[in-house]
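A.B. asks: This is what each chain is made of:
Number of protein chains: 2
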Amino acid sequence: MARIYNFSAGPSMLPEAVLRQAQQEMLDWQGSSMSVMEMSHRGKEFMAIAETMKNDLVELMAIPDNYKVLFLQGGATAQFAMIPQNILNGKSKACYVNTGAWSTSAIKEAGKYCEVGIAASSEDSKFTTIPDFASWSIDPDAAYLHYTSNETIHGVEFNEIPDAKGLPLVCDMSSNILSRPVDVSRYGIIYAGTQKNMGPSGVTVVIVREDLVGLAPKTVPSVFNYEQQAKSDSMLNTPATYNWYLLGLVLQWLKAEGGVAAIEQRNLQKADKLYRAIDASSLYSNPVAKACRSRMNVPFVLADESLDKEFLALAEKNGLGSLKGHRSVGGMRASIYNAMPETGVDALIEFMAEFERTH
Amino acid sequence: MARIYNFSAGPSMLPEAVLRQAQQEMLDWQGSSMSVMEMSHRGKEFMAIAETMKNDLVELMAIPDNYKVLFLQGGATAQFAMIPQNILNGKSKACYVNTGAWSTSAIKEAGKYCEVGIAASSEDSKFTTIPDFASWSIDPDAAYLHYTSNETIHGVEFNEIPDAKGLPLVCDMSSNILSRPVDVSRYGIIYAGTQKNMGPSGVTVVIVREDLVGLAPKTVPSVFNYEQQAKSDSMLNTPATYNWYLLGLVLQWLKAEGGVAAIEQRNLQKADKLYRAIDASSLYSNPVAKACRSRMNVPFVLADESLDKEFLALAEKNGLGSLKGHRSVGGMRASIYNAMPETGVDALIEFMAEFERTH
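Protein sequences appear in the order of chains X and E.
Residue numbers for the first sequence follow the UniProt record's numbering, beginning at 1 and rising by one.
Residue numbers for the second sequence follow the UniProt record's numbering, beginning at 1 and rising by one.
Some hints could be false.
Which copy is meant is left open, because identical chains are indistinguishable; a pair holds if it fits in one copy or across any two.
[What the hints assert, rightly or not] Simulated crosslink set (DSS-like; lysine-lysine; CA at most 27 Å straight-line):
no. : residue 1 : residue 2
1   : K108      : K126
2   : K255      : K165
3   : K309      : K44
4   : K317      : K93
5   : K218      : K93
6   : K231      : K108
No wet-lab data here; the hints were simulated from the structure.
Take these sequences, add in the hints, and give me the full structure.
C.D. replies: Right, dumping it as structure tokens:
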């Protein structure tokens with residue numbers, strides 16, 4: 001069986017070594033005579049899996065001691081509500097930066113709970129830029145500043161951490177977490193769905209600075225309360241145990257690959273060669289300003305839109321899957337997360353060149 | 001490798017055939033050259049998996065057309081909040097029946113959103129009975145009546161559907177869904193975590209009658225809003241795709257076994273012989289009134305508590321796992337869900353008899 005190169009934006013390609021280990025352990029995890037998915041979440045076997053997974057994440061991201069690390073459900077979309085519900089702390093305003101579709105969704109949901117001030121927006125450029133930090137308008141009375149470090153749909157990524165002017169900085173890191181080193185201590189909250197760089201879907205990693213835990217009013221649903229979740233080690237309700245295990249396998253793989261700094265070099269190389277190929281071609285183009293092009297999600301359009309269908313069909317035949325762009329942007333999108341090997345990007349570049357030559 | 005008989009209350013034993021199929025398809029689902037967990041949730045392969053899974057559940061439970069079937073996250077604990085948040089519909093009260101630990105948790109959470117009237121409680125009997133339906137006090141001004149059809153910890157199960165006196169009847173069916181036929185049309189809402197009779201943890205099945213969809217105030221978080229989830233086919237946020245797939249495999253297994261009516265006969269037989277063995281012994285006892293003993297969770301205590309440790313250690317050695325009772329009840333608990341074969345119950349009975357003979 002030949003595996004395809006899967007450019008899906010998430011759920012997305014996983015390291016083959018992870019899948020092989022999960023396959024091998026499916027009916028019997030390390031002599032326990034049970035599948036991980038059959039284990040009680042309170043049993044010693046699963047508790048050991050959970051602890052190792054959490055420790056590996058703390059190590060890989062160098063998460064300081066004064067942060068709680070939670071493994072929740074409901075995706076980033078649940079966090080869009082949980083953040084204002086938990087950390088407004090009596091204030092009536094929050095600041096958001098709008099750099100694309102996911103920022104926009106976060107802003108819309110936050111509007112249910114507070115007044116949302118837009119500190120900066122790149123909507124005028126059709127989300128192809130990041131507004132200069134100096135131009136940001138950050139309200140000192142806001143409870144926090146929220147931004148999206150990588151816009152999965154628009155292919156825009158922050159290369160620097162913004163200055164939140166003293167507010168807690170909250171970041172949706174769903175599509176670039178663990179792809180590059182990050183100074184966690186700069187953040188109030190980092191959150192990310194697992195289905196891009198960390199494993200299958202079904203878990204949301206939430207890293208919360210301790211002073212932001214315990215501020216929720218009593219009317220917040222228990223599963224949405226950071227303090228209750230932290231106190232119960234994210235086991236307030238039965239966690240998605242098998243998903244935790246798979247997340248753990250991905251983290252072990254990442255450690256074996258050399259960790260976040262090593263994977264960043266590979267990600268830089270992959271993104272760099274793909275953007276160079278696009279820029280050098282007269283058929284393909286990427287609209288994003290060079291300084292903020294995403295290393296993870298590379299959207300591109302064909303000069304002649306009528307070729308899209310054929311491009312996708314031929315790509316599929318050549319073992320290059322899920323290249324169709326998001327409906328809101330059109331064209332193509334190559335998501336090249338940690339698990340996409342450089343050979344996959346090489347194969348895509350070669351296919352694109354051949355397609356251009358023959359069309 | 002010998003598989004153990006795993007009596008865990010959930011996550012719990014799964015059919016070996018399901019695990020074998022998942023193992024075989026791990027790197028390549030039906031020629032797609034992808035693992036299911038790598039597939040885009042919007043792609044045609046996963047959409048087909050999701051549709052089959054949903055249709056199989058509708059078929060197995062004979063769910064009428066006027067119900068929405070949702071596959072959410074957050075477990076029953078999230079539903080404890082979502083139900084009042086969605087269906088109070090301007091009313092200030094809801095009625096709850098308290099028959100054990102899980103009812104108690106549901107009541108506590110509902111208290112954040114409304115006045116909770118206790119229609120009936122078996123707390124006086126230490127949750128070993130179900131109060132006679134005739135004695136229930138159902139407030140006609142309440143928005144709904146909630147009960148727990150099987151108490152996983154206390155081992156108490158309803159054998160009849162209560163009369164809700166015209167209120168929408170809401171049921172936490174987490175630990176006995178699909179174990180016996182149920183007339184869905186009698187209910188307003190049925191909900192259940194998957195980790196007992198339906199697969200691994202990480203999905204909550206919610207079956208909602210259409211007239212209860214669309215009543216939530218705008219301030220309810222989007223992922224908690226039945227209407228928004230129904231409109232997006234439970235894909236408002238990226239669903240736990242691999243968990244949906246595994247749920248689908250369990251449903252296919254159940255169909256192949258003859259469906260819910262056939263599995264009920266097997267469950268009756270398993271429970272009946274285990275209770276008979278307990279009642280016939282002078283070492284073991286079960287405190288629950290015979291008319292409401294659970295077919296799924298069989299708690300029992302040893303006459304001499306000091307033997308507990310040895311019992312558990314010896315059981316483990318004999319391939320009988322996770323028999324320790326919940327800390328709030330003590331003693332032992334054998335959870336014998338659909339996936340526990342009759343040979344597992346036979347092995348447990350034999351072990352218990354041998355242990356009694358030698359102690």
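A.B. asks: A separate judgement is required for each hint: does it hold in the structure or not?
C.D. replies: Hint-by-hint comparison with the structure:
no. : hint        : verdict
1   : K108 x K126 : within (18 Å within a copy, 47 Å between copies)
2   : K255 x K165 : neither (34 Å within a copy, 59 Å between copies)
3   : K309 x K44  : between (52 Å within a copy, 16 Å between copies)
4   : K317 x K93  : neither (51 Å within a copy, 59 Å between copies)
5   : K218 x K93  : both (20 Å within a copy, 18 Å between copies)
6   : K231 x K108 : between (30 Å within a copy, 18 Å between copies)
The structure fails to meet hints 2 and 4 from the earlier list, while all remaining hints are met.
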